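Please model the entire structure based on the sequences and the hints provided.
So the sequences go chain by chain: B and F.
Sequence positions in the first sequence follow the UniProt record's numbering and run 1 to 317.
Sequence positions in the second sequence follow the UniProt record's numbering and run 1 to 317.
You may find that some hints are simply not true.
In silico DSS-like pairs for lysine-lysine, Cα to Cα no more than 27 Å straight-line [claimed, not checked]:
#1 F:K10 / F:K271
#2 F:K165 / F:K175
#3 F:K251 / B:K271
#4 B:K10 / F:K10
#5 F:K271 / B:K10
#6 B:K10 / B:K251
#7 B:K251 / F:K251
#8 F:K10 / B:K251
Distance windows between CB atoms, simulated [claimed, not checked]:
#9 F:D308 / B:E201: 51 to 61 Å
#10 F:R276 / B:E89: 54 to 64 Å
#11 B:S296 / F:A94: 56 to 66 Å
#12 F:E167 / B:E130: 46 to 56 Å
#13 B:R78 / F:G259: 23 to 33 Å
#14 B:E198 / F:R161: 28 to 38 Å
#15 B:E316 / F:D123: 44 to 54 Å
#16 B:R101 / F:D308: 44 to 54 Å
#17 B:Q77 / F:E194: 31 to 41 Å
In case anyone wonders, no lab produced these hints; they're calculated from the structure.
Small disclaimer: the values here were computed from a predicted structure and weren't measured.
The beta carbon of each residue, even a glycine, is placed where N, CA and C say it ideally should be.
Protein chains: 2
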Amino acid sequence: MEQFVFFGGKGGVGKTTVSCAYAHRCARDGLRTLVVSTDPAHSVSDVFDQRFGDEPESVADVDRLDAMEIDPEDEMQRHLTEIREALSEQVSAAMVSEINRQLEMSHGTPGAYESALFDAFVDVMRTESEPYDRVVFDTAPTGSTLRLLGLPEFLGDWIDRLLYKREQSIDLFEKAAIGDMEPRRLLEGDPVIERLNERKEFFEYAGETMRTDAAFFLVLNPDQLSVNETERAIEAFTERDLRVRGLVANKLTPSPDEGEQGRGARYLREKVETERERLAQVREGFDPPLVAEIESRTTEVRGDVLADVAASLDVEP
Amino acid sequence: MEQFVFFGGKGGVGKTTVSCAYAHRCARDGLRTLVVSTDPAHSVSDVFDQRFGDEPESVADVDRLDAMEIDPEDEMQRHLTEIREALSEQVSAAMVSEINRQLEMSHGTPGAYESALFDAFVDVMRTESEPYDRVVFDTAPTGSTLRLLGLPEFLGDWIDRLLYKREQSIDLFEKAAIGDMEPRRLLEGDPVIERLNERKEFFEYAGETMRTDAAFFLVLNPDQLSVNETERAIEAFTERDLRVRGLVANKLTPSPDEGEQGRGARYLREKVETERERLAQVREGFDPPLVAEIESRTTEVRGDVLADVAASLDVEP
Chain B
1 MEQFVFFGGK GGVGKTTVSC AYAHRCARDG LRTLVVSTDP AHSVSDVFDQ
51 RFGDEPESVA DVDRLDAMEI DPEDEMQRHL TEIREALSEQ VSAAMVSEIN
101 RQLEMSHGTP GAYESALFDA FVDVMRTESE PYDRVVFDTA PTGSTLRLLG
151 LPEFLGDWID RLLYKREQSI DLFEKAAIGD MEPRRLLEGD PVIERLNERK
201 EFFEYAGETM RTDAAFFLVL NPDQLSVNET ERAIEAFTER DLRVRGLVAN
251 KLTPSPDEGE QGRGARYLRE KVETERERLA QVREGFDPPL VAEIESRTTE
301 VRGDVLADVA ASLDVEP
Chain F
1 MEQFVFFGGK GGVGKTTVSC AYAHRCARDG LRTLVVSTDP AHSVSDVFDQ
51 RFGDEPESVA DVDRLDAMEI DPEDEMQRHL TEIREALSEQ VSAAMVSEIN
101 RQLEMSHGTP GAYESALFDA FVDVMRTESE PYDRVVFDTA PTGSTLRLLG
151 LPEFLGDWID RLLYKREQSI DLFEKAAIGD MEPRRLLEGD PVIERLNERK
201 EFFEYAGETM RTDAAFFLVL NPDQLSVNET ERAIEAFTER DLRVRGLVAN
251 KLTPSPDEGE QGRGARYLRE KVETERERLA QVREGFDPPL VAEIESRTTE
301 VRGDVLADVA ASLDVEP
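So this is what it looks like as structure tokens:
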């Protein structure tokens, strides 16, 4: 299996449970494993009954397993602060106030959260993964962030154009400032150009790693909406030349006892039957194989049930 | 009740079902009613077993009820085409190609879909609502689009600044073009300034109407994720000085028969009990009242079940 394993899917399908179960199994199988959660509800902390923060920390009682939780809201705020600090050294005070307004606005726009999430997990891949054989994420890039991934050439192209414009404007500035050597110096250690190049490399790294050293699984529930969304998600991956390795069906309705009679039994049988048809449709219609069918539990999945859940996963560690 | 009624909530909670049931009841009660769906899965067409498009159309067999379906993807494409056409008349060919690149990019960014959705439903409010006593939407502004709504002053302010910059640049241009009267004419019928003012008015209208002539309901399911999301959604509304009128709990697990024994009955009883506790938590902890508790059905909700569902809604028509 690749070093990076992603379990994607819509909110509520059970990505965190499946990710923890898989990570737990990898660790038991001897791999140094890190599970990374981006769920703002801190559900990894719930699963292991232990608080985690934004640095990897050992999971008590499970050898070789570390966990960390990233909060995209925090990441967004940190991002904002970083840009502000960098700016205050680079531009005039008047510009800072103008740029601050624009920054506040851009962080309020739809999509800022998703972009921060994407940045956060690529950062983990780059800076935290070195000591681990396996890094498991309870999220995967979605439609719109996949577009970011799929556009490295486009983005590179765009940044190149920005760089060109910026060089042009410095050039003009230099011509205007005859006898003053300041502008040439600005171009050479130019902090804006440096920053743009950093972003370009960031996206190149992300695209390259996702293509060569990552495996993507999608978690779904046996309802029509989830099946439809999974179909769209598979298409989005395919469009970006990424392959979904397998599908995990979670929260299947359990059957009643064989002889059980009554309103409850009738309701469950109808439901189980409908779900079965839907999963047949998934098995036949979708390219990635169905690698797990996990039944719904009325109790929350905690440490001791993890091995159970992991056992239903037909995924190599 | 206000003219505009919104049923918001996450995908899959049953917004379309609840919206159709409520609209159906309004129409039966004598109100000229329009139900507007933004669900790309065309579920309103499924409910009434009739195809609808992006213009209001009578629902067969239900007097006074019209329906329409908006596809935000289509809206996004239309938007793109509109801007392109407008541009080709206003700027040079070289600029058109540059702007086209930027447009393609911005339509690929996260959030473009949500913004298009918001534009689409505000458009319906402005241009289609006149013949109706009640317009029911199977969606409501979400966190990030609520921010757009909550920022009319901010946006107005921002547009004012853009206008000021644009006037300044035209002014400079005019000073440079001594003896040439072209630039002044440009400022007076300036298509860019006109467009910016249009957007400003659009957001002012949206904010004003949502504050004075709209009622918002949130649909939730009795699972923890849905309850947490509903809490966040209520906060987002409150932050924008909008009030959530009521909460609709949908897809409640039905109880088994009283004497029923077996695995199925045990599973359902535990599930019903957990859901009951969660709804108690909603009733006590959340400000908007719980106005409906609707049981899960194994069959899809079609025309004949609508009256049934509507009967569980404690919402005035």
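Each hint tested on the structure:
no.	hint	verdict
1	F:K10 / F:K271	holds, 21 Å
2	F:K165 / F:K175	holds, 15 Å
3	F:K251 / B:K271	holds, 13 Å
4	B:K10 / F:K10	holds, 10 Å
5	F:K271 / B:K10	holds, 22 Å
6	B:K10 / B:K251	holds, 13 Å
7	B:K251 / F:K251	holds, 15 Å
8	F:K10 / B:K251	holds, 18 Å
9	F:D308 / B:E201: 51 to 61 Å	holds, 59 Å
10	F:R276 / B:E89: 54 to 64 Å	holds, 58 Å
11	B:S296 / F:A94: 56 to 66 Å	holds, 60 Å
12	F:E167 / B:E130: 46 to 56 Å	holds, 55 Å
13	B:R78 / F:G259: 23 to 33 Å	violated, 58 Å
14	B:E198 / F:R161: 28 to 38 Å	holds, 29 Å
15	B:E316 / F:D123: 44 to 54 Å	holds, 51 Å
16	B:R101 / F:D308: 44 to 54 Å	holds, 52 Å
17	B:Q77 / F:E194: 31 to 41 Å	holds, 37 Å
Checked against the numbered hints listed earlier, the structure breaks hint 13 alone; every other hint is satisfied.
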